[in-house]
Amino acid sequence: MNPTDIKNPDYFHKVVDCQWACPAHTPVPEYIRLIAAGRYSDAYMVNWNSNVFPGVLGRTCDRPCEPACRRSRVEETSKAAQPVAICRLKRVAADNKDKDDVKSRMPSAALVKNGKRVALIGAGPASLTVARDLLPLGYSCVLYDSDPNAGGMMRTQIPKFRLPETVLDEEVNYILALQPELRLGQRVTSMKAILDEGYDAIFVGCGAPRGRELEIPGRKEASANIHIGIDWLSSVSFGHTTAIGKRVIVLGGGNTAMDCCRTSRRLGGDDVKVVVRSGFEEMKASPWEKEDAMHEGIPIHNFLVPKEFLHDNGKLTGVVFEKVKAEYDAKGRRNLVNAGEPDVRMECDDVLVAVGQENSFPWIEKDLGIEFDRWEMPKVSPATMQSTNPKIFFGGDAAFGPKNIIWAVAHGHEAAISIDLHCSGDNVADRPPPLVNLMSQKMGIHEWSYDNDISADKRYKVPHAPPELTLKDVRMEVELGFDVKQAFLEAERCLNCDVQTIFEGPKCIECDACVDICPMDCITFTPNGPEAELRTRLTAPTTHADTQDLYVSEPLKTARVMVKDEDVCLHCGLCAERCPTGAWDMQKFLLNTPKAGCHA
Amino acid sequence: MTYLAKPKFHHPDLPKNALGFTHRDYEGSISTLCAGCGHDSISSAVIQACFELNIEPHRLAKLSGIGCSSKTPDYFLGQSHGFNSVHGRMPSVLTGANLANKEMIYLGVSGDGDSASIGLGQFIHCIRRGVNMLYITENNGVYGLTKGQFSATADRGSKSKAGGTNNDSALDLVGMALQVGATFVARSFSGDKKQVVPLIMAGLSHPGPSFIDIISPCVAFNNHAGSTKSFDYVREHNEAVNRLDFMSPRAPITVEYEPGTVAAVTLHDGSELKLAKLHPDYDPYDRINAMTYMQNRAAAGEVVTGLIYMDPQARDMHAGLNTVDAPLNRLSEKELCPGSAALEKINASLR
Ligand SMILES: Cc1cc2nc3c(=O)[nH]c(=O)nc-3n(C[C@H](O)[C@H](O)[C@H](O)COP(=O)(O)OP(=O)(O)OC[C@H]3O[C@@H](n4cnc5c(N)ncnc54)[C@H](O)[C@@H]3O)c2cc1C
Ligand SMILES: Cc1ncc(C[n+]2csc(CCOP(=O)(O)OP(=O)(O)O)c2C)c(N)n1
Ligand code: SF4
Ligand code: SF4
Ligand code: SF4
Ligand SMILES: [Mg+2]
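Here the protein sequences line up with chains R and E, keeping their order. Each residue of the first sequence is one higher than the one before, counting from 0 in numbering that gives the first Met the number 0. Each residue of the second sequence is one higher than the one before, counting from 0 in numbering that gives the first Met the number 0.
In case anyone wonders, no lab produced these hints; they're calculated from the structure. Each residue gets a CB set at the ideal place from its N, CA and C atoms; glycine is no exception. Among the hints, a few may not be true.
[Said to hold, decoys possible] Here are the simulated distance ranges between beta carbons: (1) E/K333 / R/P540: 19 to 25 Å; (2) E/K193 / R/P432: 54 to 60 Å; (3) E/H267 / R/E532: 23 to 29 Å; (4) R/P389 / E/D12: 23 to 29 Å; (5) R/P462 / E/R234: 57 to 63 Å; (6) R/P540 / E/H236: 31 to 37 Å; (7) R/P2 / E/A297: 38 to 44 Å; (8) E/V85 / R/E532: 48 to 54 Å; (9) E/E235 / R/A428: 43 to 49 Å; (10) E/H124 / R/P526: 55 to 61 Å; (11) E/D268 / R/S454: 39 to 45 Å.
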């Protein structure tokens with residue numbers, strides 16, 4: 000193998016599993032250490048710079064970082080192994096920060112405008128991120144939304160018992176304080192009209208606003224008691240809907256279904272059940288959402304395909320399901336086929352249909368140079384978020400279909416960079432590089448400026464308010480959040496994956512001290528070879544070679560190379576403590592993704 | 000040293016031996032030696048060897064004297080029996096323990112100071128008696144623990160860290176062991192685990208007096224230019240006469256050998272050694288030849304390593320003493336103190 004190029008920012012970035020997996024590349028271990036140190040405002044700002052909505056995300060994020068977390072690869076029993084509670088620690092920073100302190104560190108509205116005007120269609124997290132990144136640079140941003148308040152689905156869809164309105168308001172207001180021009184309560188009905196207003200750039204962040212229908216017999220006749228999940232949730236959120244029948248069936252297995260059933264439980268549903276076509280394991284909802292629903296006494300029935308709505312005099316009485324089972328074809332694809340069992344009939348008063356969400360752009364005329372693909376999705380570059388009309392950018396759910404808040408934020412940052420480049424007459428494909436910093440953590444012979452002792456604790460559980468109370472009030476937050484003591488202990492579980500092991504070959508005397516001390520058998524001194532073959536000669540070959548790379552040195556004095564498998568390194572620094580010559584050092588790798596304005 | 004306890008987490012794909020242990024289960028407490036000390040590598044080799052041999056930790060006793068090297072038994076086999084004796088007296092304690100219980104595996108760990116100076120008489124007599132053990136010296140040419148004075152194995156003319164020259168002749172522990180009847184003799188280098196581990200495995204399995212002299216650089220006091228026990232010097236002058244592979248029951252080694260260069264040796268317990276010749280005229284079964292060879296090569300400035308001598312007919316002190324097989328701790332009081340009538344009988348037989 001060639002010696003590893005550690006100057007390439009991707010190399011160490013990938014080692015920080017959580018940051019690499021976070022769509023906005025939040026420097027996770029950096030904020031976790033700040034939380035452990037009780038520096039909540041600092042931890043909040045690290046988050047705010049990257050993901051814009053720490054308080055919201057600390058409660059609702061889809062947390063792609065957690066399945067990636069190294070901790071779940073190194074804990075003893077693989078079944079009980081659990082990632083660091085990265086998401087819920089973020090909430091601790093938001094809950095415990097000093098609000099005034101944080102406010103004083105926010106950018107202020109630009110005093111001098113740069114004369115460029117940008118339209119933002121939809122005031123969800125994607126557009127709000129673009130606004131936050133561009134406003135301080137002097138752009139005039141005009142924020143359109145058909146709803147009377149900014150926030151998008153964070154406000155209209157996510158139930159208040161998961162995300163209190165005060166938390167959302169606070170973080171939306173940090174952006175509104177930068178003074179975008181607000182055109183709320185105003186639906187955009189023509190892209191052409193927007194273009195005619197002469198904007199320098201347009202960002203489409205209108206989300207995926209349409210709930211998918213379920214066309215089966217009885218749908219029309221019983222329609223008074225059959226509701227489309229996301230429409231119903233927003234109606235609850237606006238206070239238009241305040242009650243539901245006693246017996247409720249929620250159709251669908253995604254997160255919307257989970258919010259529908261839990262909301263129903265709070266609006267009068269005593270007998271609420273979720274029915275899914277697939278098996279329980281394949282449901283789209285996150286495991287913790289399913290857990291929370293079941294914890295509230297909501298059973299989940301699987302392998303049932305809705306066949307017919309039953310009704311009596313225009314009143315819904317129940318649903319008939321076909322029992323199916325999973326069969327796998329030669330290519331390993333799963334098909335649901337009739338299980339050969341009698342149909343299942345369930346009685347109910349109301350049905351909530353949560354079987355998917357769709358994009359819809361009826362207001363975008365077809366002759367504006369914005370090309371759409373055969374699924375009627377705009378053609379958007381994932382790197383620049385630019386559409387085929389160079390002035391028009393997409394992001395969030397509008398770009399590639401429904402995702403989540405953190406992806407909307409990530410798209411927003413990229414789109415803001417592109418808009419800034421576009422408005423400056425630069426090539427949007429020339430992306431600014433990330434801001435990287437490597438700094439030794441050595442303080443003394445065995446002293447490091449990070450806590451390198453490895454906690455053996457299992458993941459801590461976030462305490463919940465008692466269901467007797469939360470089920471009575473649709474606005475009462477269920478999760479209480481970690482207290483600062485629990486937060487400290489959970490933070491200690493983090494392995495500081497950003498504190499990198501840096502190897503300087505010329506200093507190495509090949510004494511094997513690092514090999515001998517390494518608790519994870521990461522290090523090998525051996526003749527070089529092609530990667531696949533070299534991997535078989537490691538001190539402890541891994542079974543999942545795809546997760547992490549090998550760090551390979553230049554040839555050493557004995558003509559061998561040092562090979563370190565990054566896969567399960569604990570970043571404990573023992574290799575560096577044991578190295579007699581300082582060939583190993585522990586250096587903190589801080590990477591901040593570029594934001595708009597970085598190229599200047 | 001480090002202040003931290005070594006984390007309990009281990010690599011998720013670590014192999015387990017026949018007892019269900021990983022090599023981590025053979026560790027001891029965390030080392031307090033200097034970072035980079037060769038002795039730590041030897042500890043790690045002992046751990047690896049015991050893991051490979053499926054040794055039940057309670058069946059092994061590790062004994063040592065005084066010195067950095069003699070501290071190391073604390074850093075491996077935390078579940079085994081141990082005795083840290085006074086300076087140079089490990090061989091007597093080991094001999095006593097062996098007399099009382101021949102069922103255990105005995106591992107003596109010592110240094111060049113501990114064995115070649117104050118304990119020289121102990122060392123030589125213990126081997127002379129043919130005690131069934133593996134005796135390891137972690138040889139760095141200095142008294143590491145007392146800050147680097149030349150030891151009796153320091154080569155004449157070699158330089159101390161402060162620049163002084165050693166004017167005394169070096170003791171040759173390997174030569175002495177050969178002379179007084181060790182039936183397994185090897186020399187190795189702490190920086191070459193591929194060589195050390197199979198030698199320790201073979202030495203532990205050998206049912207007689209085994210001795211391995213392992214050159215183990217002292218990074219604090221004897222790893223400079225002018226030293227003949229430094230990493231660089233040993234790497235430059237190392238001449239391995241053969242390569243030993245221990246056919247471990249856990250993971251048989253599948254090395255390809257040139258035809259005719261390998262001799263397989265079956266040990267008394269059924270395990271097998273493969274010995275690859277690196278020097279065509281070297282015969283490790285000929286003691287006199289081995290002694291001559293060692294003298295010649297040393298004169299040429301080479302540090303000869305590998306399996307130097309093995310007598311498959313290992314000898315054991317117990318054979319000549321007609322001792323009971325059962326460990327003394329399993330004998331009842333009646334058997335241990337047969338009473339005055341029995342004593343009378345013994346005395347009468349001696350008159
Ligand atoms: C029930 C439910 C629960 C969810 N829970 C979570 C969760 O817990 N965590 C998570 O990360 N994600 C969750 N999501 C997904 C998340 O809400 C979205 O992915 C995210 O809000 C998308 O952001 P966006 O900026 O692209 O658009 P949206 O947030 O969808 O905002 C788009 C905005 O555009 C406005 N708009 C649309 N068309 C027009 C128009 N023509 N004129 C003017 N305004 C217009 C809409 O009114 C809306 O306010 C959930 C989604 C649903 C449906
Ligand atoms: C009776 C006695 N004499 C002297 C000492 C001082 N002393 C401690 S260790 C040591 C030498 C150790 O040298 P070696 O066995 O080579 O061990 P190393 O530290 O080099 O591994 C000496 C002389 C002692 N502890 N006890
Ligand atoms: S252990 Fe910490 S730094 Fe490592 S992946 Fe998990 S949260 Fe990130
Ligand atoms: S930091 Fe060093 S000693 Fe610790 S696990 Fe990683 S490679 Fe091993
Ligand atoms: S003084 Fe020398 S022998 Fe002792 S621990 Fe340090 S390096 Fe090892
Ligand atoms: Mg010594």
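- Task: Determine which of the earlier numbered hints do not hold for this structure and return their numbers in increasing order.
- Result: 1, 2, 3, 4, 9, 10
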